[in-house]
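Trainee: Input sequences plus hints: build the corresponding full structure.
Residue numbers (the working numbering), protein chains in the order written: chain A, -15 to 301; chain B, 1132 to 1380.
I should point out that these hints are in silico values taken from the structure, not numbers from a laboratory.
These figures come from a predicted structure and were not determined experimentally.
Please note: incorrect hints may appear among the correct ones.
Unchecked claim - Just a sample of chain A residues kept apart from chain B, beta carbon distances all over 10 Å, derived:
| id | residue |
| --- | --- |
| 1 | L(-7) |
| 2 | A(-2) |
| 3 | S6 |
| 4 | A55 |
| 5 | K57 |
| 6 | G93 |
| 7 | L97 |
| 8 | Q136 |
| 9 | V147 |
| 10 | G237 |
| 11 | M248 |
| 12 | I252 |
| 13 | L273 |
| 14 | I276 |
| 15 | A288 |
As the list claims (entries may be wrong) - Examples of chain A residues lying across from chain B (beta carbon under 8 Å, computed):
| id | residue |
| --- | --- |
| 16 | L161 |
| 17 | P163 |
| 18 | A167 |
| 19 | E169 |
| 20 | A170 |
| 21 | S173 |
| 22 | N174 |
| 23 | T176 |
| 24 | R177 |
| 25 | E179 |
| 26 | Y180 |
| 27 | L181 |
| 28 | G182 |
| 29 | V183 |
As the list claims (entries may be wrong) - Below are the SDA-like pairs computed for lysine to any residue, each with C-alpha atoms no more than 25 Å apart in a straight line:
| id | chain 1 | residue 1 | chain 2 | residue 2 |
| --- | --- | --- | --- | --- |
| 30 | B | K1297 | A | N174 |
| 31 | B | K1297 | A | T176 |
| 32 | B | K1158 | B | R1372 |
| 33 | B | K1254 | A | S184 |
| 34 | A | K172 | B | Q1206 |
| 35 | B | K1254 | A | E169 |
| 36 | A | K187 | B | T1201 |
| 37 | A | K172 | B | N1272 |
| 38 | A | K172 | B | S1244 |
| 39 | B | K1313 | B | E1269 |
| 40 | A | K172 | B | R1239 |
Heads up, the beta-carbon is just placed ideally off N, CA and C, and yes, glycines get one too.
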Amino acid sequence: MARQLVFGLALIAALAVFPLFSPWSTVILTVALCEGLAALGIMVLLRAGQVSFGHGLFFSFSAYAVAFLAAAKVGHEALVLIPVGMAASGLLAAIVGLFVVRYRAIFFGMLNLAISMVFFSLLEKLFPITGGADGKRVPRPTFAGIEFGREQFELATFYVTLVLCILAALFVARYLLSPGGKALEAIKSNETRLEYLGVSPRKVLYGAYLLSGLLAGLGGAIIALVSGHVTPELAYWVRSGEFVFIAILGGIGGVAGPFLGALMFQIIRGYAAVYAPETWHAVLGVMLLIIIFFAPAGLYGIVAGKGGKPQREEGGR
Amino acid sequence: MSGVILEADDLHLRFGGVQAANGASLKVAANERIAIIGPNGAGKTTFINLCTGYLKPQSGRVVFNGQDVTRLSPQAITRLGIGRSFQIPQLFLDNTVIENLLLALSAREGSWSPFLAVQRHPKAEEMWALLEMVGLKETGNRIVRELPEGMRKLIDIAVALALEPKLIFMDEPTSGVSSTEKFQVMDTLTRVLDARATTAVFVEHDMDVVARYANRVAVWTGGRIAHQGTPEEILSHPEVRETVIGVGV
Ligand SMILES: Nc1ncnc2c1ncn2[C@@H]1O[C@H](COP(=O)(O)OP(=O)(O)O)[C@@H](O)[C@H]1O
Ligand SMILES: [Mg+2]
Chain A
-15 MARQLVFGLA LIAALAVFPL FSPWSTVILT VALCEGLAAL GIMVLLRAGQ VSFGHGLFFS
45 FSAYAVAFLA AAKVGHEALV LIPVGMAASG LLAAIVGLFV VRYRAIFFGM LNLAISMVFF
105 SLLEKLFPIT GGADGKRVPR PTFAGIEFGR EQFELATFYV TLVLCILAAL FVARYLLSPG
165 GKALEAIKSN ETRLEYLGVS PRKVLYGAYL LSGLLAGLGG AIIALVSGHV TPELAYWVRS
225 GEFVFIAILG GIGGVAGPFL GALMFQIIRG YAAVYAPETW HAVLGVMLLI IIFFAPAGLY
285 GIVAGKGGKP QREEGGR
Chain B
1132 MSGVILEADD LHLRFGGVQA ANGASLKVAA NERIAIIGPN GAGKTTFINL CTGYLKPQSG
1192 RVVFNGQDVT RLSPQAITRL GIGRSFQIPQ LFLDNTVIEN LLLALSAREG SWSPFLAVQR
1252 HPKAEEMWAL LEMVGLKETG NRIVRELPEG MRKLIDIAVA LALEPKLIFM DEPTSGVSST
1312 EKFQVMDTLT RVLDARATTA VFVEHDMDVV ARYANRVAVW TGGRIAHQGT PEEILSHPEV
1372 RETVIGVGV
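Mentor: Listed below in structure tokens is the structure:
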């Protein structure tokens, strides 16, 4: 436990000072944190053994909600837009969740994918409302009532995001240790016994789904603000797949995992764009293979000293 | 019969060509210890599955404390006070023994605050005490997957007992337990059941265990009860001796 705590604090400290030395990194780091939030949502579901290939839905829904509100000058304040965007995704997750928590495994994954693809095509096709493939611009809002210049705005957003990520990670960590978190793991390990404890697996998964939607929504709201622009790409299945990739890469053994994964993902993407623009997906693929075979607990597993073994077929129950 | 808490009436269920329940009926009175005996495939596990909501009968009904529970889910039935353990233990294998029990405790108490660590449940001590009662205190912090089948059987029962059911179904509680330890395990369980005034119905293959711990025996064949009575009556019944227990026993 101590090692994880020290590591977590070191990670936070490094993140907190980095932009001061290299201002160019502010937006990249903020984007990484946003993706880390969505991957944290994926991690919550993975604890139940469920994979969503559609969390781009909640990421983009919140981002577009922020874009509309900012454009309509309804909420011209970042500290209002962020929670409102998050709440919008939470509401959507509350509706979609009613339906998807009835399914498991491949059906769960594909249903999420299907719903996100419907939303993606709506964003593309409803040009007059959504701006189609070009998306929508997000005018820079005030921050705590202050009209910042671009760099100050980015810096302020970064630090607020960092704090929100810490709060979200702490909350998820508490939740995973709580009875609800244990019940969530029980969906993966033995749903029958869970039912015979008088607990509804659907309700447990519904709660987790709501949480994961809120986390992805939080990430989406912030990414809309820092990039100043939203496009349907945020809802595309590749984006959803990236969240899963990040969660696996970073590891789901601890809440720092998805953020580590997201940082690594940004680093690979950044370098690959320069040195291997044609083959960077191959780099990602190789990276994933290495993780699966040699460090199935992800980067977090390496850091926290829990390597693990790749999960293979179950030896008969 | 006075104080009937569970009444299964004329249950029928067919799987393809197999009539797994064929008019199964049983009345259970408070504080009874009913042993269900019978050959493999007689429908004993199916009967438990029907009484606990895992399977729904094609006809017949199950009434618990005056309430028709035939169509209720396992969750709902569990919350009404029927617990069960399984022929093959159903546990959270990657968690510790105590975590298995603490989740049961949390379910019973409805403790779902996301800020309450399951290990810090205000009544956690109660679960350690239960583990001690069944003689498994030393295994509390072990991962279930690493423990032998015999222990898992007992843990499975302890998890069911953690819910404080009024009635518990135990499917072959002593299978997987070595013959030298069977009496010890049953002594322990009986003590816990007595202490909590829990009624029990258990499937059992060992006739010595049946003779010693049951006050009523139901002989299952072909998806229904063929005979029932006190252990003395049943174990000396010539037809039962021949068909169920086997000649020479
Ligand atoms: N889910 C099921 N699907 C099909 N057949 C089943 C199922 N469960 C039990 N059976 C069949 O029903 C019969 C009774 O099984 P079971 O209740 O497990 O017997 P017992 O517990 O007395 O050994 C057996 O022939 C078994 O193969
Ligand atoms: Mg059986």
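Trainee: For each hint, tell me whether it holds in the structure or not.
Mentor: Verification of the hints:
Its beta-carbon lying about 20 Å from the closest one in chain B, L(-7) of chain A satisfies the requirement of being farther than 10 Å from that chain. Every CB of chain B lies more than 10 Å from the CB of A(-2) of chain A, the least distance being 28 Å, so the non-interface label holds. Consistency note on S6 of chain A: stated as away from chain B, and its beta-carbon is indeed over 10 Å from all of that chain's, at 37 Å minimum. Every beta carbon of chain B lies more than 10 Å from that of A55 of chain A, the smallest distance being close to 35 Å; the non-interface claim holds.
Distance to chain B confirms K57 of chain A as a non-interface residue, since its nearest Cβ pair spans about 36 Å, more than 10 Å. With a minimum CB-CB distance of about 22 Å to chain B, G93 of chain A clears the 10 Å threshold, and the non-interface call stands. At roughly 28 Å, the least C-beta separation between L97 of chain A and chain B is larger than 10 Å, which holds for a residue marked as non-interface. Consistency note on Q136 of chain A: stated as away from chain B, and its beta-carbon is indeed over 10 Å from all of that chain's, at 35 Å minimum.
The Cβ of V147 of chain A sits about 19 Å from the closest Cβ of chain B, beyond the 10 Å cut-off, so the non-interface label holds. Every CB of chain B lies more than 10 Å from the CB of G237 of chain A, the least distance being 12 Å, so the non-interface label holds. The claim that M248 of chain A lies off the interface holds: its Cβ sits roughly 27 Å from the closest Cβ of chain B, which is beyond the 10 Å cut-off. The beta carbon of I252 of chain A sits about 31 Å from the closest Cβ of chain B, which is more than 10 Å, so the claim that it is off the interface holds.
No beta-carbon of chain B is positioned within 10 Å of the beta-carbon of L273 of chain A; the least distance is around 25 Å. Its beta-carbon lying about 19 Å from the closest one in chain B, I276 of chain A satisfies the requirement of being farther than 10 Å from that chain. Remark: the non-interface label on A288 of chain A is consistent with the geometry, its nearest Cβ contact in chain B lying 17 Å away (cut-off 10 Å). Among the interface hints, the one on L161 of chain A holds; its C-beta lies about 4 Å from the nearest C-beta in chain B, closer than the 8 Å criterion.
A least Cβ separation of about 3 Å between P163 of chain A and chain B falls short of the 8 Å threshold, and the interface hint therefore holds. Below 8 Å, beta-carbon pairs count as interface contacts, and A167 of chain A has one with chain B at about 6 Å; its hint therefore holds. Given hint, E169 of chain A at the interface with chain B, holds; its Cβ is 7 Å from that chain's nearest Cβ, closer than 8 Å. Taking 8 Å as the C-beta contact cut-off toward chain B, the hint placing A170 of chain A at the interface holds, the least distance being around 5 Å.
Interface restraint check for S173 of chain A: the shortest CB-CB distance to chain B comes to about 5 Å, inside 8 Å, so the restraint holds. At a threshold of 8 Å, the smallest CB-CB gap from N174 of chain A to chain B is about 5 Å, leaving the interface hint in force. With its C-beta approaching chain B no nearer than about 5 Å, T176 of chain A sits inside the 8 Å limit, and its interface hint holds. Interface hint at R177 of chain A: satisfied, since its Cβ lies 4 Å from the closest Cβ of chain B, which is below the 8 Å cut-off.
The closest approach between the C-beta of E179 of chain A and any C-beta of chain B is roughly 4 Å, which is under the 8 Å cut-off, so the hint is satisfied. Proximity of Y180 of chain A to chain B holds as hinted, the smallest CB-CB distance being about 5 Å (cut-off 8 Å). Annotation: L181 of chain A was flagged as interfacial toward chain B, and the flag holds, the nearest CB pair being 4 Å apart, inside 8 Å. Nearest Cβ of chain B to the Cβ of G182 of chain A: about 4 Å, under the 8 Å cut. The hint holds.
Taking 8 Å as the C-beta contact cut-off toward chain B, the hint placing V183 of chain A at the interface holds, the least distance being around 5 Å. Of the pairs offered as hints, the one joining K1297 of chain B and N174 of chain A holds, with about 24 Å between alpha carbons and a cut-off of 25 Å not exceeded. With a C-alpha separation of about 20 Å, the suggested pair K1297 of chain B and T176 of chain A falls inside the 25 Å cut-off, and the hint holds. Distance check on the hinted pair: K1158 of chain B and R1372 of chain B sit about 24 Å apart at the alpha-carbon level, within 25 Å; holds.
Restraint check for K1254 of chain B and S184 of chain A: satisfied, since their Cα atoms lie roughly 22 Å apart, inside the 25 Å limit. Under the criterion of a C-alpha separation no larger than 25 Å, the hint pairing K172 of chain A with Q1206 of chain B is consistent with the structure, at around 17 Å. Under the criterion of a C-alpha separation no larger than 25 Å, the hint pairing K1254 of chain B with E169 of chain A is consistent with the structure, at around 22 Å. Under the criterion of a C-alpha separation no larger than 25 Å, the hint pairing K187 of chain A with T1201 of chain B is consistent with the structure, at around 22 Å.
Straight-line distance between C-alpha atoms of K172 of chain A and N1272 of chain B comes to about 21 Å, which keeps the hinted pair within the 25 Å bound. Annotation: proposed proximity of K172 of chain A to S1244 of chain B holds, straight-line Cα distance about 21 Å (limit 25 Å). For the proposed pair K1313 of chain B and E1269 of chain B, the alpha carbon gap of about 20 Å is at most 25 Å, so the pair holds. Restraint check for K172 of chain A and R1239 of chain B: satisfied, since their Cα atoms lie roughly 21 Å apart, inside the 25 Å limit.
Of the numbered hints listed earlier, not one is contradicted by the structure.
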